[in-house]
Amino acid sequence: MDATTRADRYASQARMLAVAATLAERGYRAGLRPLNWRVDPAPPLIGRVSGYDLTAEEVRATLAGWAELVGATVTTTPTVRDGAVRLRAEGTAAHQGVTVPVALIAYIPED
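The opening residue of the sequence shown carries number 502 in the numbering used here; numbering runs sequentially from there.
It should be emphasised that the hints constitute simulated quantities derived from the structure, not laboratory data. Careful, some of the hints might be misleading.
[What the hints assert, rightly or not] Simulated restraints, written as ranges between beta carbons of each label pair: (1) S551 / R507: 29 to 37 Å; (2) A595 / R507: 21 to 29 Å; (3) R539 / A595: 37 to 45 Å.
Note that the Cβ used here is the ideal one computed from N, Cα and C, for glycine as well.
Let's have the full structure, built from the sequences with the hints guiding it.
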């Protein structure tokens, strides 16, 4: 990996960390359940609903609240992963004028 690419990846990761902090603050103020955030060297910033104690309705409501925060629509797709249904929303969020793509994910076991 050359120095420019390495520097670009670190800069991208730093921007996504700043956006994650901004989203965490906005989510707290909105009364949303916290997400697990994953920040890779390249976009998107990924937020995942977690909690084995959550009902399907709580998972859906949590993802819907966060989706609204980033201006996204939730889509539902069946998966082969343990018979679960995957919920996903893709939007953007900004920190100090820098916008990054955000993917929000949740899995609901099928009954």
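Which earlier hints turn out false for this structure, listed by number in ascending order?
3
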